Amino acid sequence: MDSGSRISRRDFMKLATLGAGSLSLIAGCAPKHPPGRRVLSDDDAGLLGAIADRIIPPDEWPGGRENGVVSFIDRQLDGPYRRFRGDYRRGLDAMTGTCLEKHRKRFESLSAEKQTRLLGEMESGGLRDGGWKEGFSKRFFEMVRSHAMQAYYGSPRHGGNPDYASYRMMGIDYPPILGQNRYRF
Amino acid sequence: MKNTHVNAVVVGAGAGGGVVAKELSTAGLSVVLFERGDWVSFEDHDNDELLSQRTTVLGNAFGPDDDRYRRVLVSEDGSTGIVYPSDGAYSNVAACVGSGTVSYGAMAWRYMAEDFRMKSTYGPVGGSTLEDWPVSYDDLEHCYEKAEWEIGVAGDSSLNPFAAPRKKPYPMPPFSYNREASMLESAMKRMGLHPFPIPMLRNSVPYAGRPACARRRTCCGFACPVNAKCGTHNTVIPAALSTGNCELRPRCVVGGLIIDASGRITGVEYFDGDNTKQEQTADIIVVAASATETPRLLLNSTSKHFPSGVGNRYDWVGRNLQGHAYTGAFGLFEEDIFDDVGPGATLAVSDFSHHNPGIVGGGILANEFTRLPYLFSNIRPPGSPMWGEEHKEFQRKYFRRNIQVVGPIQEMPFFDSRVQVDPSVRDSWGIPVVRLSGRRHPKDAEGCEFLSGKAEMILKEAGASRTWRHVPGSGLSGGQHQAGTCRMGDDPHTSVTDRFGRVHDTPNVFVSDASLHVTNGGFNPALTIMALGYRVGEYIAGEWQKGNRFK
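Protein chains in written order, with our numbering: chain A, 1 to 185; chain B, 1 to 551.
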């Protein structure tokens, strides 16, 4: 694809986004996202990437961040998960708030150990103050956890799991070739 | 422009409606077959787990969509909320030509004689509306046979000593076992059980002009890429259309029955694909829209003759909603088992279907359909981390080393588990939506405890290094196996239709789907829905040919 057609495609996407009435991005979030992202700001993406790497940590296989969790969530927030935009805004802000208050650092800058501990508190519903009222920390954690799993283990067509990395990690051939994908024992 | 009057309207082109449309049109009746969804194909949803009929997190591949459809769910604590088709609590049935028969796992069970005589076999159950069917297995036997031969089933019942008697074998040989089934087979035999290949509505050899199955992992929850899975969309519906007597109208949403001043039902009102309201008149109306949408349509059809809805004089429409309490166990092994021979489920035992001490009914146990990666990410032994390093390690270590043995427990019908229409919430066409409420009968938990225990014993015998059971909660049942909401019976005070599916209060309105089921068996219900379709269709066509115009 030459650069001319890439620009026109980007312009087209911009128009298409306007047409779909997606101007109200996540409420209160500056409409400043790099090309290729639809809803999340750079800060949102950085925070979500850090969470994704704790939910599915990198080892000899990619972590959640590298394997497209952020781009999956960004894409679905402009699709079927539009209804979760408010929850993401509230949850990400509450996480940043809690981290600044407790550690004077953003979540992304904490050690993996501290990150894991905080996510564990969220999972068990241990956080109750600030933005976490009414058991929201548990609900928010479970939402992000399940979306991260969908991204990591689902079809690449939704923005995550490029090249079926997780399938390769699990030893599942992709694409399945009829008559060819048989294992011998 | 006014639509031409026809002999029969069939609402819903699924397992029941497709069969009825074929029976009526081949008998010479003119038929309009309505379907709210569209034709779908494998190409639309190729291998995409997140958009399959089993995992609907990003929507329902085979409809309905979240934009236009919704329901109201009354929770056990009495609170109400809106649910969408991609939510499990919606109890979705696919909205497309063929409905669930396009994407089902395609198990082709005949119910057993006891399943039609549950009250006589076990006696009354406190708090349950448990009852016998007004028809017996023998009454339905030839209908099962027609379904097996016209739609296509592969199997071998000679290996199942508990199978109900049959006159004719299956038209196709059974499928071979995959590796996990072979392991389970030897374990079950050592335990004195009687394993056999699951009968499947799927071509094991080329049949009826379509090819044999390619054994893919993406089968249950997906359309078939080679057209080897047998549904109504590739068998009876094309047969109906080829008679020239049947017109299929996809993308048409039927909102109500038309009732004239004398109280006669004269047709249906519907919204076409452009959302234009239209009418279609007919001599006979067959409602085959599923155990949630069929009662909705009857309840939404009111007049001074039917103040609480058609067929609802005694408040039985929408009652006794049931599905299947799915229960079983997982086992982990220390060697590779996964051979990627789809769709996974190949072997079953029927030893626990009936006559279990202390249990009313029971269910089959089978090895499960292939667990795809996202679904597997939620399968962990109790107390295991659901994220982090250990979760990831489990995912790659045990995906190829686990077996699930699972089955459907026959549920006890519960009068207060029900479909109503909501007084205020409407869908995008302005039609009042389904309102679901109720819970399971406590007896179901006993069945689950029993059957999951058997599943766990089988896995241990097969050499599992770790096992754990899973049982469902006590909340409302329904789901894809939904049934029971327009029960058939001989007494109009305690049922909605007669033994041929004709709604008691009306001469010309029939029901033909799982709504008719008095009880739902301990088996997947698709073949029984098809068999009832043959029974209802055969009856209408036979009467019509004798000159009965159902006036």
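Honestly, the hints are just simulated from the structure, not real lab data.
Every value quoted in this text rests on a predicted model; they were computed, and no experiment measured them.
Cβ atoms here follow ideal geometry from the backbone N, Cα and C, with glycine treated the same way.
Be careful, since some hints might not be right.
[Claimed, not checked] With the Cβ distance kept under 10 Å, some of the chain A side facing chain B (calculated, not the full set):
(1) Pro80
(2) Tyr81
(3) Cys99
[Stated by the list, open to error] Calculated cross-link-like contacts (lysine-lysine; reagent style DSBU-like; alpha-carbon spacing at most 30 Å):
(4) B:Lys189 <-> B:Lys2
(5) A:Lys138 <-> B:Lys397
(6) A:Lys138 <-> A:Lys102
(7) B:Lys397 <-> B:Lys2
(8) A:Lys114 <-> A:Lys133
(9) A:Lys114 <-> B:Lys397
[Stated by the list, open to error] Below, a sample of chain B positions facing chain A; criterion: calculated Cβ distance under 8 Å:
(10) Asn47
(11) Glu49
(12) Leu50
(13) Gly59
(14) Ser377
(15) Ile379
Right, here's what the structure says about each hint:
1. Given the 10 Å rule on beta carbons, the hint for Pro80 of chain A holds: about 5 Å separates it from the nearest Cβ of chain B.
2. Evaluation of the Tyr81 of chain A hint against chain B yields a held restraint, the C-beta minimum of about 8 Å falling below 10 Å.
3. A hinted interface residue such as Cys99 of chain A counts as satisfied when its beta carbon comes closer than 10 Å to some beta carbon of chain B; here the least separation is about 19 Å, so the hint is violated.
4. A distance of roughly 64 Å separates the Cα atoms of Lys189 of chain B and Lys2 of chain B; the hinted pair therefore is violated under the 30 Å criterion.
5. A C-alpha spacing of about 28 Å is found between Lys138 of chain A and Lys397 of chain B, which places the hinted pair at or below 30 Å, so the restraint holds.
6. About 19 Å separates the Cα atoms of Lys138 of chain A and Lys102 of chain A, which keeps this hinted pair within 30 Å; it holds.
7. Restraint check for Lys397 of chain B and Lys2 of chain B: the C-alpha separation of about 63 Å exceeds 30 Å, so the hint is violated.
8. Of the pairs offered as hints, the one joining Lys114 of chain A and Lys133 of chain A holds, with about 22 Å between alpha carbons and a cut-off of 30 Å not exceeded.
9. Restraint check: the Cα-Cα separation between Lys114 of chain A and Lys397 of chain B comes to about 27 Å, which is no more than 30 Å; the hinted pair holds.
10. Satisfaction of the interface hint for Asn47 of chain B is found here, the shortest Cβ-Cβ separation to chain A being roughly 7 Å, below the 8 Å cut-off.
11. Checking Glu49 of chain B against chain A by beta carbon gives a least distance of about 6 Å; that is within 8 Å, so the hint holds.
12. For Leu50 of chain B, the interface hint holds, the least distance from its beta-carbon to any beta-carbon of chain A being 4 Å, beneath 8 Å.
13. Hint status for Gly59 of chain B: holds, given a least beta-carbon distance of 5 Å to chain A, under 8 Å.
14. For the restraint placing Ser377 of chain B at the interface with chain A, the shortest Cβ-Cβ distance is roughly 4 Å, inside the 8 Å limit, so the hint holds.
15. Violation of the interface hint for Ile379 of chain B is found here, the shortest Cβ-Cβ separation to chain A being roughly 11 Å, above the 8 Å cut-off.
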